[in-house]
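Student: In case you want the letters, here they are:
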Amino acid sequence: MIDLLSYGAFFLTMALTYAVICLGLNLQWGQAGLFNVGVAGFVAVGAYVSAILTTPPVDGRIGGFGLPPLAGWLGGGLGAGLLCFLLGALTLRLRADYLAIATFGAAVVIQLALLNLEGLTGGPFGIGFIPRPFGGLAGEPGLFAAANLGVLILLVLACYLVLQHLTRSPWGRVLRALREDEEAARALGKDPVAYRLQAFAIGGFVMGLGGAAQAHFIGFIAPDNYLPTLTFQVWTMLIIGGSGNMRGAILGAVLVWALWAVSGSAVSALFPSGQQARAASLQLVLIGVALSAVLLLRPRGLLGEAGTLRSPLRRADRRDTAKISQGQKTNA
Amino acid sequence: MMLQPLMDGLVNGAIIGLGAIGVTLTYSILRFANFAHGELLSWGAYLALTVSAALGALLPGLGTPIGPFSFGWSVPIALLASMALTAGLALAVDWLLFGRLRQSGAAQIILVMASFGAALALRNLLEFIYTSSPAYFTNELQIAMKILPGLRATPDQLLVLGLALVTVVLTHLLLTRSPAGRAMRAVSENPALASLAGIDTRAVIRLVWILGAALAAVGGILSGVIVQIRPTMGLDLLLPLFAAAILGGIGSVPGAMIAGLTVGLAESFAVGLVGAEWRAAVSFVILVAVLILRPQGIFGKAMA
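For the record, the sequence lines run as chains C and S. Going by our numbering, the first residue of the first sequence is number 12, and it counts up by one from there. Going by our numbering, the first residue of the second sequence is number 44, and it counts up by one from there.
This is chain S alone, in the form it adopts within the complex (with noise of 0.2 Å):
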């Protein structure tokens, strides 16, 4: 009875983990708050989601389910080809309206509102492109095993688990182990110190987005294969997003990871509660608690 809800949290929360990991490095390296990271996961999704059908269609064999999974090997293909057109997409955005905008010396609150505007664009592009109707991987049905008394999950649901954690160690090494992450902490830590001391901050930009997407292309990916596709998922994640970003403490990698697992299991302990209706809703009472007890976060800085 309680150890369902256990595992369809810690599932759910991952996911939220995976985009709240891109939050809270932009937002500690580029200093804003960008609104567009939903849309990188929901374009991560879809651009799978495509590629994935294109080899399914050239390669039928690549489509039959590998072992236990309801998926074929067009899939973990797919997510590869989709983590690099997911950073090229945010590359891109940067490209055109983020880094213009901070060489002209827009006010931070200037990025976030055009990141308001690049997630609208965004986000009615793909409902234009792929139409509003929710789309699957793969329509083979799994069914749950049983994995203790009273918890079941399907091999789908333990693979996301699996993979997530894997992304996390891994993200987490490649920022405080590698001369790169090294650079990212200096540039978050203090911009004008770092290029004075001859990193490439543009260079540190780069990485941020290509990193963020590739990690939100991950998620929103699990998140169709677990539940499915929808142009409105990123816009759904974004108040979890935020609530994990900012409860794990801006900047903290594995703050954003263990965050948002406490929302995915907060929503999921909640639901029981009071509904499914008011799932979204768990998200904002978290932030306003966060806000009001600990502004800083769990592993944050106390901020000025």
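Chain C extracted, bound-state conformation (with noise of 0.2 Å):
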């Protein structure tokens, strides 16, 4: 029963830190309409710069300031906001998908950097040691993974209410105006580039936040952590749970998790030892067929955005039927 809880309690903390990276993205595509293909980068960035401000110092490697995990953790979001930032100021200007061709070759050179920076990085063995929040416990399991999942749930709380603060903010409307009508938007005096930057930066801060306490939650992170399969990974989460609604990301990023880690077990517990590899390949080719699927089929996922411009009618709608029940209850 204790074994099921601590399991129940890690798996739901790594699945916080999903969600904690997904609703970045959520408000950079949800919000912005900002394709990222880059997730993986950037978290990948929040994970690393975190690592190095709050480790210990190492002989032989650059860093290691033993900071105390907050500032690591502000450090990483603020390392991939920087980073999101400059590749937007350099496409924003540009067609739509050169951001996403951008961010993808970002992805490609950080994995790079994270495996040839050795003295930096750790090259291809990472950075072990990354303190944990609340180590002192570590001799009690079981508080130790309620301490642990309890800072995760306050950190999606957190991110939650501000991103909710903000979409609904009016520069928030904005946002979505310019993803809905950019002529409309431009017409009123908002200038597109300058709310889009702003919404990929912040979006990227909260990524690289997810990454940093998903790293001092595992304690250990290598660069084989932060490949391509990542950024699917946060992607399908957005778009099964449904891009444009905060609560959508945290659900989906729990859902898929879940699904990721059962499908895993069965892959391990079906599949002979030697063809293991060869079946978790099969696990990625049913991720991506769901994918393409929820676009086709359900393109506004499990939750969707409530109240876009694009649903008015639908609103006024579910109104009119609120009201014919509410009718109907007094007649009788």
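These are computed hints drawn from the structure, not numbers from a lab. Each residue gets a CB set at the ideal place from its N, CA and C atoms; glycine is no exception. Certain hints may be false.
[Unchecked claim] Stretch by stretch, here's where chain C covers chain S in the computed footprint (C-beta under 8 Å, at least three residues):
#1 151-160
#2 318-327
[Claimed, not checked] Okay, the calculated beta carbon distance ranges per label pair:
#3 C:Y18 x S:L49: 54 to 60 Å
#4 S:D279 x C:G285: 24 to 30 Å
#5 C:G275 x S:V212: 46 to 52 Å
#6 C:L105 x S:P108: 57 to 63 Å
#7 C:D14 x S:S175: 32 to 38 Å
#8 S:L184 x C:Y18: 52 to 58 Å
#9 S:V328 x C:L172: 51 to 57 Å
#10 C:F21 x S:Q339: 50 to 56 Å
Please assemble the complex out of the two chains, which come individually in their own frames, going by the hints.
Tutor: Now the structure itself:
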């Protein structure tokens, strides 16, 4: 029972780190319509910056400043946000898909840098001994797991509330207006590039934060954690949960992570050990097909975006039916 | 000393150029950046490998090397078969995914995302079928010949260069001199007007996929002959393909080829300077430079 509970806590904590990343992507894509194909790269920047800031010093490696985790998380977020800002500044004035190509390229180069800048990133072996929040509680697994889960719940909640506030503010309205009808928003004097750049950078900050939190939760990072597959998982989470909807992003993260974990253990249970790498690739085929299928069949995802310009009619409709059912109640 | 990277860069650049033509065509006519294009190169190579192995097993005589080259007649036959099969694959993906999204009026960026999903599925399907270990068309070793003082090349490399050149010239002629090519350029300029003028846009779209996929298959097979065949070869080539398509100017076939050669040469000279482990970063540097200095590319028209 305790085992099951602590596995549950571990699973949920991990899922919530993805939820943070997914919330960042939701600001970029769901609200601003900016396609980021380099999610893995920005998550990696967040994780590595935080790891370098907080780990104890190691011979032969730059960094290891031994700062508290909170400083690391902030640094990780800022690093990823700054990178997003630079890439956005480079491409947002151009065609929409140039941003996609540039972020894809950035993720490739970040992966190379992680592998080759051994003096900074530890090369292919990565960085270990990343301080875990509440490391002092490690003697009591149950309490330790609960504390970590609590931190992640708080982080997700904070990101959710801030992003929800942002998207409901006039600033968020301008973002959606730009996404729906750029000409009209421009006619009202809104500068599309500035708004999009802000959204892209803030989304990048949140992604980096998620990457940092994940690194501290696992305690060990290596370049292999940040392959394009990660980008893909996060995208699937957002699309399935419902892009544009912050709660959808969180739901999607937990749901897809659960599917991933279940199918992963099914693969290791069903296939002989020699065939597991092969079977794992089948798992990715299924995810790719699932994403394409959701795009085709249910583009709004499970929850979808509420109250956009696209659905004023539907909302009016709902209001009418609500009135009718109320009327029926009073009649009865 | 300076000549050897030139040869390696040209050979590699020719392969990048062949792939970039497909990217630039889908980009200018279907109007989206196709992240699954790299997978067409991988699939082309693996399909050819399968056909060639089957031919070699049926008729062992086809496996004996032709003249100075490392492979037998089974490879050229497999190349033609693979061009057709890869084109069929591209048409199938379009029928299943992109075509439906186009019909439902999805935004361009949704197509980009769908191509990203298709790429993942296609790549991992290859890994599932053929495993991730590298494969080769032949086990024959080739001795590099001396062409000029300080310049060596294998007969295979020279063949790749020649074949790439012929393919590009043929494609260019097809696009500029034939009615089909005129129709393609018309759709690229203005789809609505082109369809008013009686051009069958759907036929043009089919032609784009067939042409792009066939060229991708050639590129993938040539890369397989020169280096090796891996499920991730398309993913590794994707960034150079995009860099070349944008550098050459979206929609320009000669531009894509010249830019492909440029990217190949830049990679090969940079490897001499900063080491082979940074090769993949070269395309990104080129991409960033183009986006800052001349976003419309060498041969592109200024964009709105």
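Student: Does each hint hold? Answer for all of them.
Tutor: Hints, one by one, checked against the model:
Against chain C, the segment 151-160 of chain S contributes 8 residues with a C-beta closer than 8 Å to a partner C-beta. That satisfies the three-residue criterion, and the hint holds. Residues of the segment 318-327 of chain S with a Cβ under 8 Å from some Cβ of chain C number 6, which satisfies the need for three, so the listed coverage holds. For the pair Y18 (chain C) and L49 (chain S), the beta carbons lie near 58 Å from each other, so the given range of 54 to 60 Å is met. Range check, D279 (chain S) to G285 (chain C): about 26 Å between beta-carbon atoms, so the 24 to 30 Å window is met.
For the pair G275 (chain C) and V212 (chain S), the beta carbons lie near 50 Å from each other, so the given range of 46 to 52 Å is met. In this structure the hint that L105 (chain C) and P108 (chain S) lie 57 to 63 Å apart at CB is violated, the actual value being about 48 Å. In this structure, D14 (chain C) and S175 (chain S) meet the distance hint of 32 to 38 Å, their C-beta atoms being roughly 34 Å apart. In this structure the hint that L184 (chain S) and Y18 (chain C) lie 52 to 58 Å apart at CB holds, the actual value being about 53 Å.
Between V328 (chain S) and L172 (chain C) the beta carbon distance is about 40 Å. The supplied range of 51 to 57 Å is therefore violated. At about 51 Å, the CB distance of F21 (chain C) to Q339 (chain S) agrees with the hint of 50 to 56 Å.
Comparing the model with each numbered hint stated earlier shows that hints 6 and 9 do not hold.
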